[in-house]
Amino acid sequence: MDHTRRLVLIVLLAVLALLVAADFFVEHHASFWIDGTPGFAAWFSLASAALAVLVAYGWGLLMRRRGERADD
Amino acid sequence: MTETFGPLSPALVLILAGLVLPLLRGWLRDGLFLIAPVLALVLVWALPLGPGLVVDWLGLQLVPLAPDRMARIFGTAFGLAAITGALYGVSQSQVTEKAAALVYAGAAQGIAFAGDLVTLFIFWEILAIGSTLVIWSNGHWRAGLRYALIHVLGGVLLFAGIAAEISATGSVGLQAIRADNFGRWLMLAGILVNAGAPPLAAWVADAYPKASWSGTVFLSAFTTKAAVLVLIRLFPGEPALLWFGLAMAVYGLAYALLENDIRKLLSYSIVGQVGFMLVAIGIGSPLALAAAALHAFAHILYKSLLMMAAGAILRSTGETRLSALGGLARAMPLTTVALVIGAFSLSAVPLTAGFVSKSAIMAALAEGRAAFFWFALTSISAGSFLYVGLKLPWFAMFRPGERREIAEPVWSMKAAMVLLCGTILAIGCVPSALEALVPEIADVAILTPDHVLFQLQLLIAASCIFVVLLPLLRPRAGTTLDVDWLWRELPRKVVAMWAPLSAPIGGAIAAGCEPLRVYWTGFSRRAVDNLSGASNWRTGKIAFWATALLATYVLIAAL
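As given, the protein sequences belong to chains A and B, one line each in that order. Taking my numbering, the leading residue of the first sequence gets 363, the next gets one more, and so forth. Taking my numbering, the leading residue of the second sequence gets 40, the next gets one more, and so forth.
In short, the hints are calculated from the structure, not lab data. Every residue gets a Cβ at the ideal spot worked out from N, C-alpha and C, and that includes glycine. Hints may be right or wrong, so weigh each one.
As the list claims (entries may be wrong) - Not everything, but these chain A residues come out facing chain B in the computed CB check (under 8 Å): (1) Leu375; (2) Ala383; (3) Asp385; (4) Glu389; (5) Arg428; (6) Gly429.
Full structure from sequences and hints, please.
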């Protein structure tokens, strides 16, 4: 990972940590219990986004073809 | 005063303007192109809400103009899309596209205000014709033909379903039903084709990017959202829609993450966002239906804005491939702002219209205790930010790219984008302004601290993943295979495979059939001889056979 990306990642993680910390001090109105726990959105999104990229990448390995469609 | 507008339909105004447009020249043409959508939107609000006028036609009780609250929500969204789309595309030189776009927008208004199945079907077909002409006007005949064929299939399914419904119930009324018999399944299938549902979802990303820089803006607004409205009217609470919607959301996410072309990426994203609406319709509660309508409303605004930004990039650079773009932010600052606001709205960033509508959808899922769909759509929301809020602006606008001598688009295009940016932000900052249109959302928590914090965590966490997995998200030239491979490429491959085999197999078949051919030649010669000698038949013999045939016919008729 290059220097700029590492720096951006550190800033983003710091912001995320602040948001999670703030989450302990607000009143939650949970829909299904767990979504009202502090920091839920952070870890759930980390897992979801990573899964989305990996699934799409895997699908791309199977289904992605070079060039345009023959009839385009 | 409003009663005086009663008989005048917004659809009629737009369709007539579309038909007259090619006859005009110069500023008259541009003036009509700009004024007709404004007049249609005025009519959407001037028409008094009520059951509408009943017209007796061939014994059917038709209600061609039934202004209710849902018609007003969608009519307003379609009206705003037509106004901003016309302003954006007024400098388009293709008069065919402009005329077709007005007819297309008029058909969408006709569907919004249709009070019966027959009127709905008529405008459904006009919608297909108008949108096909928008694609054809950019010279993409094959893509337009594929689009038309898919919509002919959808139209045939819908027509068969409507015919079955009318024959079963005797009513042409638009009423909430379940897909509980074959005819209703046909109707649902026909509507789902237009909504972009699997297995035929590929038409959206195939057709929309083939239109011109201005045509795609119109295409992104009407067809799929008109289908959403019809599903709200006919199939609220239909359980199948939950699964169709979820499949569309997953499909849209995966294909958009892989896509290299901006307008194709945005087309896949249409399918994904319509999936959110279908899930809400599948829940079926008053809040869920209002949320689906509100999300369609917001989606029409931000997707039009995104397509406008994409069109501006295309017009300025002649390019829409992310792999060939980059570094446009400095040369096109307003387009960049428009792209970011549209992308943030789709990603439900707080203070945008998309945040309001997605909050309403999630609240409806929570109210309906649909935990699985709530978590699935929350997860997909995080993924959506990856492709539209990060990948698209980064690779098109912000990453270092080659220096290009390009300029911002013309004033009318910029004005349309500014108008939509303002509307999206205004709705996002003052969600209560929408309560007059959608009162069901009054109790939904939107700009509360926990909800805003939840969404910010979701977006920042997704951004972290974007930075970490950037090499996997780098756009690459190419195409992703889809179900349309079956009719776009498989026949070509079969023909290519058949060519070398055709001579030996054809020869073997000819040799095998030789005795049959000899017999048939002899039989036909004898038959011709018999017929040519018919004049020598005796009258009694002719009378006998004629009587025998007549008796057989009478016997069959009697049975």
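Hints versus structure:
For A:Leu375, the suggested interface contact is upheld, since its CB lies about 6 Å from the closest CB of chain B, less than 8 Å. Hint on A:Ala383 is violated. Least Cβ distance to chain B is approximately 10 Å, over the 8 Å limit. Hint status for A:Asp385 relative to chain B: holds, with the closest Cβ pair at about 6 Å, below 8 Å. About 6 Å separates the beta-carbon of A:Glu389 from the nearest beta-carbon of chain B, less than 8 Å, and the hint is met.
The beta carbon of A:Arg428 is positioned within 8 Å of a beta carbon in chain B (closest approach about 5 Å), and the interface hint is therefore held. Evaluation of the A:Gly429 hint against chain B yields a held restraint, the C-beta minimum of about 7 Å falling below 8 Å.
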